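Protein chains in written order, with my numbering: chain A, 1 to 284; chain B, 1 to 284; chain C, 1 to 284; chain D, 1 to 284.
No lab work stands behind these hints, which were simulated from the structure alone. Please note that the accuracy of each hint is not assured.
Unchecked claim - When the alpha-carbon atoms are kept at most 25 Å apart in a straight line, the in silico BS3-like pairs for lysine-lysine are as follows:
#	chain 1	residue 1	chain 2	residue 2
1	B	Lys30	D	Lys281
2	B	Lys20	D	Lys179
3	C	Lys179	B	Lys281
4	D	Lys111	A	Lys281
5	A	Lys20	C	Lys281
6	B	Lys111	D	Lys112
7	C	Lys20	A	Lys281
8	D	Lys18	A	Lys18
9	A	Lys112	C	Lys18
10	D	Lys30	C	Lys112
11	C	Lys56	C	Lys30
12	D	Lys213	C	Lys30
13	D	Lys20	A	Lys18
14	C	Lys179	A	Lys111
15	D	Lys66	C	Lys30
16	D	Lys179	C	Lys30
17	B	Lys281	D	Lys20
18	A	Lys66	C	Lys281
19	C	Lys112	A	Lys20
20	B	Lys20	D	Lys281
21	D	Lys112	B	Lys112
22	A	Lys112	C	Lys179
23	D	Lys281	A	Lys179
24	B	Lys66	D	Lys281
25	D	Lys111	B	Lys112
26	C	Lys167	C	Lys208
27	B	Lys281	D	Lys56
28	D	Lys30	C	Lys214
29	D	Lys20	B	Lys112
30	C	Lys214	C	Lys179
31	C	Lys167	B	Lys18
32	A	Lys111	C	Lys281
33	A	Lys63	A	Lys198
34	A	Lys281	C	Lys63
35	D	Lys20	D	Lys30
36	D	Lys30	C	Lys66
37	B	Lys63	A	Lys66
38	A	Lys56	A	Lys18
Remember, predicted model here, so these are calculated numbers, not experimental data.
There are 4 protein chains.
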Amino acid sequence: MTNGDKIKENSINNDLSKIKTAITDIESNKIVTRGYSQEDLIANITFPDMVYLLLKGDLPSPKESKMFNHVLISFCDHGVTSPSTQTSRLIASSGSPLNVALSGGLLSFGKKHAGAIEDSMSLFQEALNDDIFDVYNFENYVNSKDFDNSIDEIANDIVDIYLNDNKKIPGFGHRYHTKDPRGAKLMDIVREEDFIGKHTKLALAIEKILFEKKGIHINIDGANGAILSDMGFSSSLGLGIFMIGRIPGILAHVNEEITQKEGFRKFCNIDDISYCGYEDKHLD
Amino acid sequence: MTNGDKIKENSINNDLSKIKTAITDIESNKIVTRGYSQEDLIANITFPDMVYLLLKGDLPSPKESKMFNHVLISFCDHGVTSPSTQTSRLIASSGSPLNVALSGGLLSFGKKHAGAIEDSMSLFQEALNDDIFDVYNFENYVNSKDFDNSIDEIANDIVDIYLNDNKKIPGFGHRYHTKDPRGAKLMDIVREEDFIGKHTKLALAIEKILFEKKGIHINIDGANGAILSDMGFSSSLGLGIFMIGRIPGILAHVNEEITQKEGFRKFCNIDDISYCGYEDKHLD
Amino acid sequence: MTNGDKIKENSINNDLSKIKTAITDIESNKIVTRGYSQEDLIANITFPDMVYLLLKGDLPSPKESKMFNHVLISFCDHGVTSPSTQTSRLIASSGSPLNVALSGGLLSFGKKHAGAIEDSMSLFQEALNDDIFDVYNFENYVNSKDFDNSIDEIANDIVDIYLNDNKKIPGFGHRYHTKDPRGAKLMDIVREEDFIGKHTKLALAIEKILFEKKGIHINIDGANGAILSDMGFSSSLGLGIFMIGRIPGILAHVNEEITQKEGFRKFCNIDDISYCGYEDKHLD
Amino acid sequence: MTNGDKIKENSINNDLSKIKTAITDIESNKIVTRGYSQEDLIANITFPDMVYLLLKGDLPSPKESKMFNHVLISFCDHGVTSPSTQTSRLIASSGSPLNVALSGGLLSFGKKHAGAIEDSMSLFQEALNDDIFDVYNFENYVNSKDFDNSIDEIANDIVDIYLNDNKKIPGFGHRYHTKDPRGAKLMDIVREEDFIGKHTKLALAIEKILFEKKGIHINIDGANGAILSDMGFSSSLGLGIFMIGRIPGILAHVNEEITQKEGFRKFCNIDDISYCGYEDKHLD
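Start from the sequences, fold in the hints, and give me the full structure.
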């Protein structure tokens with residue numbers, strides 16, 4: 001006798017073991033993704049185009065295809081300095097397999113570590129598309145304010161608001177670099193390729209003002225956030241694209257860690273730990 | 001007073017918070033990966049080349065570059081049928097964010113799900129490179145056996161051993177497809193591109209015999225296992241490359257799940273659960 | 001030459017590899033947790049007291065000790081119906097080890113699955129402690145409203161607000177049970193033990209009104225949310241305590257899954273997947 | 001049209017969305033675990049008994065109940081020194097939620113970090129139960145050797161084999177402590193409580209010889225491995241029980257990390273990273 005004889009689950013839940021998908025259709029000896037047979041895709045497109053097709057549903061234009069390739073490369077690696085890479089190496093050093101070490105590293109993409117790309121995309125997209133401009137995501141900060149159409153004025157307002165509040169604008173400035181070479185290079189490329197939509201225009205306008213006032217440049221998150229917004233990606237996919245670009249780098253680090261075959265790592269040595277709790281207590 | 005005043009940790013452990021890396025050098029305003037500045041890489045290579053550079057340390061030849069692009073695409077997606085995709089969708093449906101859902105899916109790459117690519121790479125590499133041919137990875141199965149140089153004879157021996165043992169040869173046959181269209185397409189491409197090294201030669205020889213005897217074709221794992229072995233990748237990186245190719249597909253599924261915004265999924269309904277434990281017991 | 005010769009990281013980051021902790025002091029041959037030597041703790045207290053000591057910093061009173069034991073047991077297992085348990089079994093079925101399967105299951109404690117305990121704790125604590133009562137966590141919903149001191153009136157207001165909004169009150173009602181036997185039992189015990197603080201009083205008052213109006217009872221999350229609030233736990237630890245109680249159950253399921261040694265599970269069969277994407281497209 | 005109209009999956013796979021469980025039976029308003037109603041369990045047993053019931057299927061004897069409580073406490077915490085705790089704190093410091101930080105920490109229980117408890121259980125159980133004694137787990141090391149019945153002789157053989165091979169015996173010796181206070185205390189308790197089965201007898205015999213020859217004592221893994229083996233737990237559950245005991249400690253650390261609200265941690269500072277890769281290369 002199954003549990004089903006004794007209890008009646010509501011009908012919505014029953015439906016949840018059925019699934020509708022628009023991504024891939026599997027038939028015997030035929031695999032069709034976003035309308036194209038995988039044989040066709042394997043033979044004829046580039047891997048960045050495949051990523052674009054999976055996430056957006058259609059193939060990119062030739063210009064988007066080229067730019068999306070630059071974007072993915074730019075995320076590749078920032079050495080052993082990033083928390084995700086350190087977490088993956090830490091786990092790998094405990095003897096866990098490749099997929100487990102990678103998996104753990106992805107859990108380090110918390111708000112503080114990987115939020116900037118999505119925050120910058122939200123900033124650009126909300127500043128330009130929404131009637132009510134919410135300068136700090138999801139907080140009603142300036143909803144009574146009227147914004148002019150001019151992108152320069154919007155940029156001015158954004159910088160003013162953040163600086164008055166003594167907050168960092170997501171996508172600008174870098175912990176290690178006074179000028180993030182990746183952000184700068186990407187902006188060079190969009191200029192050369194004439195791939196400048198309204199979001200990139202806004203990003204460049206913000207950078208100009210910020211640099212004059214504070215000597216701060218656009219970083220990789222701001223540059224990619226602007227480019228991806230111009231391509232029509234929703235901010236909710238920003239971290240996803242960052243991860244696709246970064247994962248090969250993390251795997252290279254995990255592989256290096258495993259190959260080095262040392263003992264397990266720690267983020268602090270015993271000398272760096274100080275105890276600040278109770279003095280000795282005793283149970284009666 | 002720190003713990004370090006009270007206890008002496010051995011010196012090896014102290015070294016473990018120092019790290020040597022050959023992947024990326026970070027200097028102020030300069031990021032150099034595998035010897036190339038990232039600005040140079042962002043502007044001039046393809047993303048598959050970037051993956052290859054990170055994992056192997058050097059850029060691919062033009063032919064390898066082309067083939068590695070085909071390989072990455074071929075892993076892209078197999079619909080909602082694979083355990084990793086199902087796990088990621090299950091987690092996404094509970095309201096967890098993108099990186100968390102992806103991370104959980106990667107944990108499903110256990111021995112039963114994603115072992116075939118590495119197993120086929122081990123099989124090909126051990127069959128051709130090692131004096132003692134260990135047909136089942138790491139088990140001394142046929143170590144007394146003399147193998148001829150001929151790839152056809154090796155293929156014959158492999159098929160005989162597995163069939164006699166009633167075991168599947170890793171990289172051949174598919175649960176859903178009588179002829180995996182991805183494996184077939186990849187083998188077409190290596191023929192067209194004349195990208196056939198000794199491992200691919202062996203894979204094709206095995207397929208020929210298996211098809212004659214059993215009607216079984218090479219699958220995606222066997223095809224990519226052979227190509228990656230010919231490129232000089234160690235079997236321990238097989239799953240890593242599979243994951244790089246598959247993750248964009250998993251993210252597309254997670255995004256679809258989140259967009260559909262239904263309740264949380266289950267892999268079984270209450271009707272499908274049957275209880276087979278103790279009858280009622282009581283505490284005194 | 002190290003990277004440190006080339007780049008100057010800010011001083012805050014350097015401090016982050018030093019760590020201060022008030023939990024456990026490690027000296028050679030001596031381990032002291034929250035002031036007590038672990039030898040003392042191992043010999044003299046109960047495991048629930050140990051959990052309480054770790055999380056709250058001090059040992060519970062005898063009454064709290066007894067009640068905390070009931071609380072932990074009540075979370076133990078809800079069969080194969082919960083998403084976390086299903087995720088863990090799914091991962092275990094792919095051949096991944098025990099810790100990996102457990103880890104993946106915990107990732108399913110997203111907002112939709114495990115949010116109710118913390119939501120109910122926030123509701124009770126905010127309703128009773130805060131000047132501005134925010135009935136939906138973190139939304140300024142009723143901040144202009146004056147609340148009387150009377151717990152019955154607060155309960156009335158809460159029920160009115162939620163019912164008017166056609167929303168579920170966190171901690172009341174259950175998908176499978178018209179009367180969650182665990183919630184009911186815990187409320188019986190607090191009455192017997194006279195362990196009724198203001199939060200439990202509020203929970204019981206809400207249940208009384210909800211039952212009269214809608215036939216809805218308190219569930220496990222509401223009952224434990226009230227008891228833990230009376231013990232002084234912050235809502236941010238609600239999910240932590242739930243996990244401590246539930247993990248033994250998940251491990252029992254993972255072990256059962258591994259022991260059954262079947263193929264890998266899925267949350268849907270191929271018959272349950274329908275494709276709703278593009279018709280066939282072709283690359284030129 | 002569903003995929004199922006187009007493809008026929010094998011019948012075994014269809015069965016995998018049905019599930020048989022002996023753990024918990026869910027009926028409307030009734031939850032029965034291992035034969036007991038949860039109301040009964042919540043009111044009448046201890047949480048350690050609940051853990052035992054879930055994992056072994058039956059309630060412990062009074063003596064086992066007492067001892068299992070000591071065992072669970074002994075795993076509670078080893079400060080910020082262990083890789084799992086460090087991983088969890090690292091992830092928490094990135095802004096990820098409680099369950100995600102805990103989940104990542106569990107991924108650090110790789111072979112090098114948490115293998116000792118299961119290795120010591122395998123060692124004791126294989127030494128005493130199996131005809132062919134496999135002193136290094138799963139390797140046929142001494143399978144031709146005849147062992148006497150005497151536990152002292154078995155202990156002697158084990159120590160000889162490991163010392164000759166210059167290997168550590170799992171469950172003995174400690175990185176930080178010359179005498180692990182937890183292992184010593186547990187052995188005191190089994191003596192007081194007269195809870196000494198054949199596995200504990202063997203562990204004590206090994207410790208005696210090891211101490212004479214090398215000054216090495218039993219550690220927490222060896223002590224618990226012996227006790228749990230005497231209770232009839234299979235070695236495959238050793239890590240599970242360790243995790244149940246340790247998770248409250250990890251959660252206390254995660255909570256401390258979140259409360260401290262500093263920036264994200266790293267296991268190494270930029271000064272500790274040295275680059276050992278290619279000198280500058282350029283793309284043509």
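Hint-by-hint comparison with the structure:
no. : hint                : in the structure
1   : Lys30/B - Lys281/D  : holds (14 Å)
2   : Lys20/B - Lys179/D  : violated (34 Å)
3   : Lys179/C - Lys281/B : holds (22 Å)
4   : Lys111/D - Lys281/A : violated (36 Å)
5   : Lys20/A - Lys281/C  : holds (20 Å)
6   : Lys111/B - Lys112/D : holds (20 Å)
7   : Lys20/C - Lys281/A  : holds (20 Å)
8   : Lys18/D - Lys18/A   : holds (14 Å)
9   : Lys112/A - Lys18/C  : holds (19 Å)
10  : Lys30/D - Lys112/C  : holds (23 Å)
11  : Lys56/C - Lys30/C   : holds (22 Å)
12  : Lys213/D - Lys30/C  : holds (24 Å)
13  : Lys20/D - Lys18/A   : holds (21 Å)
14  : Lys179/C - Lys111/A : violated (39 Å)
15  : Lys66/D - Lys30/C   : holds (24 Å)
16  : Lys179/D - Lys30/C  : holds (9 Å)
17  : Lys281/B - Lys20/D  : holds (20 Å)
18  : Lys66/A - Lys281/C  : holds (22 Å)
19  : Lys112/C - Lys20/A  : holds (21 Å)
20  : Lys20/B - Lys281/D  : holds (20 Å)
21  : Lys112/D - Lys112/B : holds (23 Å)
22  : Lys112/A - Lys179/C : violated (42 Å)
23  : Lys281/D - Lys179/A : holds (22 Å)
24  : Lys66/B - Lys281/D  : holds (22 Å)
25  : Lys111/D - Lys112/B : holds (20 Å)
26  : Lys167/C - Lys208/C : holds (18 Å)
27  : Lys281/B - Lys56/D  : holds (15 Å)
28  : Lys30/D - Lys214/C  : holds (21 Å)
29  : Lys20/D - Lys112/B  : holds (21 Å)
30  : Lys214/C - Lys179/C : holds (12 Å)
31  : Lys167/C - Lys18/B  : violated (54 Å)
32  : Lys111/A - Lys281/C : violated (39 Å)
33  : Lys63/A - Lys198/A  : holds (16 Å)
34  : Lys281/A - Lys63/C  : holds (21 Å)
35  : Lys20/D - Lys30/D   : holds (18 Å)
36  : Lys30/D - Lys66/C   : holds (24 Å)
37  : Lys63/B - Lys66/A   : holds (20 Å)
38  : Lys56/A - Lys18/A   : holds (24 Å)
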